[in-house]
Structure formats: C-alpha cells, structure tokens
Amino acid sequence: MGESLAREVTDRADVRPSAFTMWRVLLASRLRAQTSYRASFALDLFGNLGIALLEFTELWVIFANVKALGGLSFAQTAVVFAFANIAFSLADLIVGHVDELPRYIRAGTLDAFLVRPASVLGQLITSDISPKRITRTLGAVAVFIIAIAHLDIAWTPLRIWALISVPIFGTAIFAALFVTAAGLQFWLIDGAEVTNAFTYGGSYVASYPASLYQNVLRTFFTFVMPAIFTAYLPALVIFGESGPAGLPAWLGLLTPLMAGISWGVALGLWRLGLRHYTGAGS
Amino acid sequence: MNSTDLTHSTVSDIVIAAKDLTRIFTRRIGTGRARTKEVVTAVSQLNLTVAAGESVGYIGANGAGKSTTIKMLTGILLPTSGTVQVCGFEPVRERTALARHIGVVFGQRSQLWWDLPLRESFEILSTIHRLSPGDAATRMQELRDQLELEDLLDTPVRQLSLGQRMRGEVAAALLHRPRIIILDEPTIGLDVVSKERLRQFLLHERAEHGTTLMLTTHDMGDIERLCDRVVVVDQGSVVHDGTLNALASLVNTQRVMVVDLVQPCAPMNDIPHARLTDCDPTGVRQSFTFSPADTTAAAVLAAVSARAQVRDLTIEEPSIESIVRTLYEGQRSNPTSTP
Amino acid sequence: MSRNLLVAWQLMRSGFRRHSAYRAAAVAGALTNTVFGAIKASITLGALASAGGHIAGYDSRSAMTYVWLTQALIAPVNLFYWNEIGERVRSGDIAIDLARPVNTQIAYLFTDLGRAAFEILPRGLPPLLIGAVTTGIHVPNDPVVWGVGLLSILLGICVSYACRFLINLTSFWLLETRGVQTLYLVASNIFCGLLIPVHWFPPSLQTLAHATPFPSILQTPVDVLSGRYTGGAVAAALLTQTLWFIGMMFAGHVLMRRGRRVLVVQGG
Numbered sequence: 004m005g006e007s008l009a010r011e012v013t014d015r016a017d018v019r020p021s022a023f024t025m026w027r028v029l030l031a032s033r034l035r036a037q038t039s040y041r042a043s044f045a046l047d048l049f050g051n052l053g054i055a056l057l058e059f060t061e062l063w064v065i066f067a068n069v070k071a072l073g074g075l076s077f078a079q080t081a082v083v084f085a086f087a088n089i090a091f092s093l094a095d096l097i098v099g100h101v102d103e104l105p106r107y108i109r110a111g112t113l114d115a116f117l118v119r120p121a122s123v124l125g126q127l128i129t130s131d132i133s134p135k136r137i138t139r140t141l142g143a144v145a146v147f148i149i150a151i152a153h154l155d156i157a158w159t160p161l162r163i164w165a166l167i168s169v170p171i172f173g174t175a176i177f178a179a180l181f182v183t184a185a186g187l188q189f190w191l192i193d194g195a196e197v198t199n200a201f202t203y204g205g206s207y208v209a210s211y212p213a214s215l216y217q218n219v220l221r222t223f224f225t226f227v228m229p230a231i232f233t234a235y236l237p238a239l240v241i242f243g244e245s246g247p248a249g250l251p252a253w254l255g256l257l258t259p260l261m262a263g264i265s266w267g268v269a270l271g272l273w274r275l276g277l278r279h280y281t282g283a284g285s
Numbered sequence: 043m044n045s046t047d048l049t050h051s052t053v054s055d056i057v058i059a060a061k062d063l064t065r066i067f068t069r070r071i072g073t074g075r076a077r078t079k080e081v082v083t084a085v086s087q088l089n090l091t092v093a094a095g096e097s098v099g100y101i102g103a104n105g106a107g108k109s110t111t112i113k114m115l116t117g118i119l120l121p122t123s124g125t126v127q128v129c130g131f132e133p134v135r136e137r138t139a140l141a142r143h144i145g146v147v148f149g150q151r152s153q154l155w156w157d158l159p160l161r162e163s164f165e166i167l168s169t170i171h172r173l174s175p176g177d178a179a180t181r182m183q184e185l186r187d188q189l190e191l192e193d194l195l196d197t198p199v200r201q202l203s204l205g206q207r208m209r210g211e212v213a214a215a216l217l218h219r220p221r222i223i224i225l226d227e228p229t230i231g232l233d234v235v236s237k238e239r240l241r242q243f244l245l246h247e248r249a250e251h252g253t254t255l256m257l258t259t260h261d262m263g264d265i266e267r268l269c270d271r272v273v274v275v276d277q278g279s280v281v282h283d284g285t286l287n288a289l290a291s292l293v294n295t296q297r298v299m300v301v302d303l304v305q306p307c308a309p310m311n312d313i314p315h316a317r318l319t320d321c322d323p324t325g326v327r328q329s330f331t332f333s334p335a336d337t338t339a340a341a342v343l344a345a346v347s348a349r350a351q352v353r354d355l356t357i358e359e360p361s362i363e364s365i366v367r368t369l370y371e372g373q374r375s376n377p378t379s380t381p
Numbered sequence: 581m582s583r584n585l586l587v588a589w590q591l592m593r594s595g596f597r598r599h600s601a602y603r604a605a606a607v608a609g610a611l612t613n614t615v616f617g618a619i620k621a622s623i624t625l626g627a628l629a630s631a632g633g634h635i636a637g638y639d640s641r642s643a644m645t646y647v648w649l650t651q652a653l654i655a656p657v658n659l660f661y662w663n664e665i666g667e668r669v670r671s672g673d674i675a676i677d678l679a680r681p682v683n684t685q686i687a688y689l690f691t692d693l694g695r696a697a698f699e700i701l702p703r704g705l706p707p708l709l710i711g712a713v714t715t716g717i718h719v720p721n722d723p724v725v726w727g728v729g730l731l732s733i734l735l736g737i738c739v740s741y742a743c744r745f746l747i748n749l750t751s752f753w754l755l756e757t758r759g760v761q762t763l764y765l766v767a768s769n770i771f772c773g774l775l776i777p778v779h780w781f782p783p784s785l786q787t788l789a790h791a792t793p794f795p796s797i798l799q800t801p802v803d804v805l806s807g808r809y810t811g812g813a814v815a816a817a818l819l820t821q822t823l824w825f826i827g828m829m830f831a832g833h834v835l836m837r838r839g840r841r842v843l844v845v846q847g848g
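Residue numbers (the working numbering), protein chains in the order written: chain F, 4 to 285; chain L, 43 to 381; chain Z, 581 to 848.
So here's chain F without its partners, still in its complex pose (with noise of 0.2 Å):
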C-alpha cells in the first residue's frame, strides 16, 4: 500500500508539466498575490461595486429627464448598459492590464518574458488578474435581471443564443479591444492613453443605444473596434426590434463572428507589435 503510493508520486514527479499546468499556475499565482491583503482586497471590492451603482446613476439621472432614449424605454436601455458592462467588466477583469504595456517596458518585464520559453502575450495576459472587478460584473447582473423583468419578453432559442452570447463573445470583443490597444502600444508609448478612446471609450458607447450616434462614431464603434455588437445589437434581437438605419438587428446575431475577426486582429497587431519591440528596440 506505502510502497505503492511512493511509486505513484515518484511517477508523476517525472511527468514534465503540461502547457495548460504552466498557464494555471501563473494564474493561481496572481489570484494569490491580489487576494493576500484581504482587508484591501474588500474595500477593492466595494469600490467596484460603487462602479457599477454610479455608471448606473449616470443612465438613472438621464431617465429622470427623458421617457426614452435613442427609441429605447428605461428598462431596454438599462439591459443594454447591463450588457456592456458584464462584457467589459469580464475582459478587464481578465485582461485589462495589458494595455499598461509601456510601463512593463520601461521596467525591463517585457525583456524578463522573452527570455523564457512561452509565449509573451501568454505571460503579460496572466501576469495579472483583477478578482476584485467581479463586484461590477455582478452590480451589472443585477441591473440586468431586474430590468428584464420589467420587459415581456417571449424567450425563443434565437433569443437565448443572444444573450449567451454577450458574456461569452462581447466579452472576447472588449478581451480583443485590450490586445489590440497593447499591440498598438509597442508604437505609441508615450502616447499610449490614446487606446483608451476605444477599450474604456467602447465601453462607453456600448452601454448606450447606438442609434444615438452619427455616422462616424456608428461606423467606427460598429466595424472598426465593434464595441457596439457586444451590448446594442444582441439587446436588439432580445427585444424584437428593428434596429435604425444601416444598423438591422440581425447583426446581433453576428457577435461571436466579429469576435473572432476581432481576435484575429488583435493577434496580429500584437505580432507585428512585437516584431517591431525586437527589431527596433527600446
């Protein structure tokens, strides 16, 4: 019985660790280290939670003025606000700080990461974690089941698979938007606030109906950096409206396509990006 329990162990103490094992371990080591001051780690907690109640009061104070906004009732606009922030607050909470890319060049991290053998995104993307960013997600779901109680709403399965398909695919949208802003980064540095205007900028434009925006910013924030698929459009067929001009509500159904031309972007920016740090250097 001891004898063979010491075999077991001796067995697998020469099985070479998995890629999975490598990811899963840079990963519980930061959930660790962000959990470790538990009395700083709850007031982290609250201040996302104050997060998504005054993201809220934002559309609240709006509704205090107005019936409808962009042709969507309070509880409408309030699932697509619920929406965009499940999706956002998701990806930050994942990947959020890649796009403090310059400041893990400046501190000579990024040169650390070259020199091991795995894969650099790999190890910026799970070099942090933000646990205490669930608050919002969870402040957001509860804006949402609230506000889809408000509504009448006759679930068809094409509904259903719009709805799943916010946490999972909207949530990869912003995930993506994150990447791309670092992959953009190795160029910017200095100027590196101006990916803001499309990861925080998106989240902010997703959480309002999109028939509020003129040419430009619809075009942009639809095909460009398509923050508006994450919340807006997938609201849409849930609803059973149409949507406005140039903007049909099938498109929500198109959320985990833009996703993955999303990533595909993204990933290769980050190549490029990278190619650049190595060829041009810092």
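Quick caveat, the hints were computed from the structure, so don't treat them as lab data. For each residue, glycine too, the CB sits at the ideal point set by N, CA and C. A few of these clues could be false.
[What the hints assert, rightly or not] Every beta carbon over 12 Å from chain F, so not counted as near; a handful from chain Z, in silico: (1) Ser594; (2) Leu611; (3) Leu625; (4) Arg641; (5) Leu705; (6) Ile776; (7) Thr810; (8) Leu835; (9) Arg841; (10) Leu843.
[To be verified] Computed spacing ranges between beta-carbons, pair by pair: (11) Leu819/Z / Gly271/F: 55 to 61 Å; (12) Ile148/F / Asn663/Z: 34 to 40 Å; (13) Ser245/F / Gly633/Z: 35 to 41 Å; (14) Leu141/F / Arg593/Z: 31 to 37 Å; (15) Ile148/F / Thr792/Z: 26 to 32 Å; (16) Leu141/F / Gln150/L: 54 to 60 Å; (17) Glu664/Z / Thr319/L: 48 to 54 Å.
Based on the hints, put chains L and Z in the right spot on chain F.
Chains L and Z alone, transformed into the frame defined by chain F:
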C-alpha cells in the same frame, strides 16, 4: 529528450557564434519641422565565438554596446546585419527554443515575482520551463544549498536585500540547467561579502556542470576571479580578445599600495619590483606602484614590514574604465600594435 | 514675502516643465478626450431630443458647450487617478518633503498649478475646437465672463488638488489605498458633473451633490464660463468654491499633522 535537443548538443561545442554582428538605432530628435534623425551604431561588425565551458568577461565603458550585444544574444533584439547563433539557435526567430538552453540575469532588473515569496518564483519558473516536479526538486535542493537560500524562500522578493535578491535571480536563471548563463552586471551594488559568495557559487556551478559563463561587469575582481577570457568592446567593436594576462601585458595594470606607518620613516625607494611614487613630508604615508606581473602585493608588504611597522594599507586597482581607455588610446596612437 | 512668491513661482515652473516633457501623452490625451466628448455629445443630444429640446434650462447649444468644456477641463482639474503623495508616504520619501522649509501641502499645490497651466492648452483646446466645428458651442463675448471664468477654473483646480491631497494622505493609515482611490474617482466623476450636468439630477441627488466639494471642481467653472450665472450668482459661486478650498485645505493640514505623528511613531 526530443530530437532538437540531441542535434543541438552534438553538432558542435560552439555556444555563441556571432559574425559581423551589427546593430544600428535610429533615434528621432526634436519635434515638428526641426525633427531630425540620428543614426547610432551601437554594435559594429562584431565577431565573437565562445566554446562550451568557456568563461568570458565582456567589458567596455558605458555605451560601448555591451547591453545591445547581450540583447541580440538572448533574443530580445534583432541584429541590423550579420548573423548570430546561440546554442545553435537564431535568437529572435527561435526564441522559445533558445530560452530552454540559456539563463539570463539582468543585474538591475528583476525577473522574480516581487510580491510573492521567493519559493513561488521558483515554482512558477519550473513549470514555465516544464521541469518535471522530481527534476525541479533535485535542482532546487542543489541551488538552495549552494546559494544558501533556505531562510529566504518564504520571504516576498520585495523584502529581500539586494544581495539576497541577486542570489535568487541567479538561482532562477540556472533552475533549468542552461548550457550558458549570461549575466549583465551581476555584482553591481553588492557588498564585498555578497560579491564573493556569488563568485564562489558561479565557479562551483561551472566546475560541476560545465556551464558556459558570459558576464559584463565594471568590477575587475569579477573578471579576475571568474573569467579565463576577456573581450573588450569599444564603440561597438572588439578591441581586445584574449586572456586577462594578455590584457595586462598590453595595458598597464599597475597597482598602487598606500601604507600608513606607525612611526615616521625615511622614504623606502628600494623595495624590489616596486616604485615609491609618493611620500608625505613626515614619511608616515608612502605609496608604492607595482605591476602584478613582476611581484605580488604580499611581497611588497613583506618588504615594507621588514623596515617599519604598518598601521594600515589600501590597494588601488585600476578600474575597467581606465583599462579600456588606455587600450583604446594605445590602439589609436599605435594602430599596428594589435593584429 | 517676495521670497515666498519666488519659491511659489519656481515650484509652478517645475510642475509645468515636468509635464511639458510628455508631449506625446498630451496629444494622445487630447484625442481621447475628444472621442469621449463626441460620445457624450451624442448621448446628450439624444436625451434633449427625447425631452422635447430642453432639460433643466439647457438647450442643445448650451448643452454642447457644457459637454466640450467639461472635456477640455478634465485634464487641468485632474479628474484622473493621482497618487504621487500617497506613494511618497508609502516609500517614506515624504519625510524628505517634511524636512524642507516650505509647507508640503502648499508646495505641492503650486507644482500642481504648474502642471495644470501646461495641460490647459494642449489637452483642452483640441476638444473645444472639434466641438465648435462639429456641434457648435457658445463663446462668451463679455471680457468679464472670461475673467471670472478663468478665476473659477483656477479655484476648481485648487479644490480638486485639496481633495486629492486629502485622499492621498490615507496612505499614512492604509496599506493599500486603491479601493479608496477608486471610490473617490467614481464619486468625484459623477458629482462634479463630468458625466451629466448636476442640474439634471433629481432634487435629492442634487442636494447630496452640493453637500460635497465636487461641483466646485468642474460644474461651477463650466457654469460661470458658459454664462449660466450673472451678477450676484457669480459672486456666490466663486465664494462657495473658495470656502470649499479653504475647508479641504484645512482638513488636509490637520490630517497631515496627524500623519506626521504616525511617521514619528512608526519611524516611516
């Protein structure tokens, strides 16, 4: 073992092969219309071959191109022209494959996880390098004993002293038993005891595993203790490549011993192989200049002690900067002196 | 007195110069503020259209003036994360500041004014110009409005600094201040009128906002500059800002003295 490991370890015992290695940077200066481009050649047609098991000191003044060379050797920076192979790999193109065979220590940058206990950095690195747990444990035990890390393992890296952290950095770079370890200023800022401990460990590691060693330093002591070969770069080119003794014969590596005597004493201008270069009016403090090739500090001290009682002494070593400067000036004024 | 003025001037210059080194950052910031301005303008115009053209005394022109002025002033009044003093407390470097013969709180105020002086043009002008071209804004033609407007902006920067300084000092007592900082950012951003004019708030929320110093940071300067107030109302607005400034500075002063004691007891 996979086939790449086999081919790369049997092909040859050349660890670093750089040919006509050149790196040019283009910097933009100024803004708007006044903006101009400045072209800086950091490394120029550098040739360097390092065989397995060698120990090379790579020295030069600040801005001579040392860091740029190291970045090109480790896969962080692409050469503008020329070729480089490390352990048989092209550093940037085969970055991850190369990373399994080299260890890198940047003296002024940490690659440990600053907010976690040291132990966890090693655990993470051993999974990144895909070491089996058994293998990692054996290696870790070895490094732990050699570098006296036992008491530091549970301390977060940010709370370690510089000397302690550097031991951790070196252990982290050697965890996966690399064929070569490249150290960029490993002893910078360390106290005498920490420096010596680190040097002893590196000597041991080399003797035990035949690890190839390449280091940049500003400390002559590192070169004397650790390196059998010295490569001096200036303005991106190799200006000397040979043993330390060969370097010493090329440039004057004379030392100065300053002694404080208990009682005033007449100027001692007949110490064998040493010149009296300074003597204060009272004769209490006297300075002797000698070349390590002719005599030793001990012999000079013995000769002085035979005449008078010594209260205190200091020995001034030539700095790497002054050696490089002399070497470069010598080469410029007498271009035929080096081949 | 003249020596003090000289010191203040030098501190302002150092703040100005330190930030003028980051020109690319200023350009990037201006671009980002402009994109956010365009989004905010769309939402605001949509809300006005739904409400029949007017909300709380704003028509589309005055609302657009509000949108672009707030975007232009975000950087000068600094509504972003700022933890310079907090980091000095954490690293113990604050002891160096405290040993200097000038009051730390006031010294950093002048450095901050120098920073704001640099940022007001490169970060402020682009969104205003884009706004003027795309949606149109109201430009005051009365020099008095310009004068009191600039004074109000100055007071807004001062109130913002006094508040940020206060939050930074929590580092004396808290190991990790990110949570506090996040809450402060969120609260200040909404109550200063950055997202929605404070005048649009329902009465109870408006009362709450005015119980904080935040409207004095942004809403008041924007109101004064856009000519929303006249006569005595302008004087009252400036007085409110001044009182908040003095109050927050005093609170910061008291907290600093307490923090100093923590420093002495714990030895940094």
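Hint numbers not upheld by this structure, sorted from lowest to highest: Violated hints (numbers, rising): 2, 3, 6, 13, 14 and 16; every other hint is consistent with the structure.
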